[in-house]
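Participant: Sequence:
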Amino acid sequence: MRFLFAILMLTLAVVQTSPQPVRAAEDKNLSGRWRVKFTMSENGEKNLIFVSQANGTGSFKLLDTGPDNKPVKDPVAALWSQTTNDRVSISGEVELPFGTCCREMGTLMLKGKFGPGNSISGRAVFVSGTVDEENLIGFRSMVGTFTATREPN
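With this note's numbering as the guide, the letters of the sequence shown map in order to residues 3 to 155.
No lab work stands behind these hints, which were simulated from the structure alone.
Keep in mind the model is a prediction, meaning the values are calculated, not measured.
Any given hint could be a false lead.
[Stated by the list, open to error] Label pairs and their calculated CB-CB ranges:
| # | residue 1 | residue 2 | range |
| --- | --- | --- | --- |
| 1 | L81 | K115 | 16 to 26 Å |
| 2 | R37 | L81 | 13 to 23 Å |
| 3 | E47 | K115 | 12 to 22 Å |
| 4 | G46 | S91 | 22 to 32 Å |
For glycine and all other residues, C-beta sits at the position ideal for the given N, C-alpha and C.
Starting from the given sequences, assemble the full structure and let the hints guide the process.
Facilitator: Structural data, given as structure tokens:
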């Protein structure tokens, strides 16, 4: 029995003193500048820059969602929150193409989670204030996915 106890203690000592792999500290903080790529089923891939500011405020700079898919001239206001479990929520009023014929103002919502390599990914939802008589809730919406990577300041 003493022999087994000695082996167990020796094993624990080796495990405790062996070098542990060094993990790069990942900043699970939304502050800064982010390049966001989002895809909606009807519009294909679009890009924007999200700049996070203090107290849950920020801005969207739409890169290819303006008329003729050119960058929008001025950034628009955005709001963000960071909750437990590395989850984030970002939203702002934007104008996006809706289908093949129209452009509509609405709210773009990005809800995701921090992932490896200091990235964020999740669901993108665009809700237009235009009343749609064929829809039970009365609003138009598009759903897709997004990924965001931190950009240097």
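Participant: Each hint: holds or not?
Facilitator: Quick rundown of the hints versus the structure:
Evaluation of the 16 to 26 Å hint for L81 and K115 yields a pass: the beta carbon distance comes to about 18 Å. The given range of 13 to 23 Å is respected by R37 and L81, whose C-beta atoms sit roughly 19 Å from each other. Under the hint 12 to 22 Å, the C-beta atoms of E47 and K115, about 20 Å apart, fit the expected range. About 24 Å separates the C-beta atoms of G46 and S91, a value consistent with the hinted range of 22 to 32 Å.
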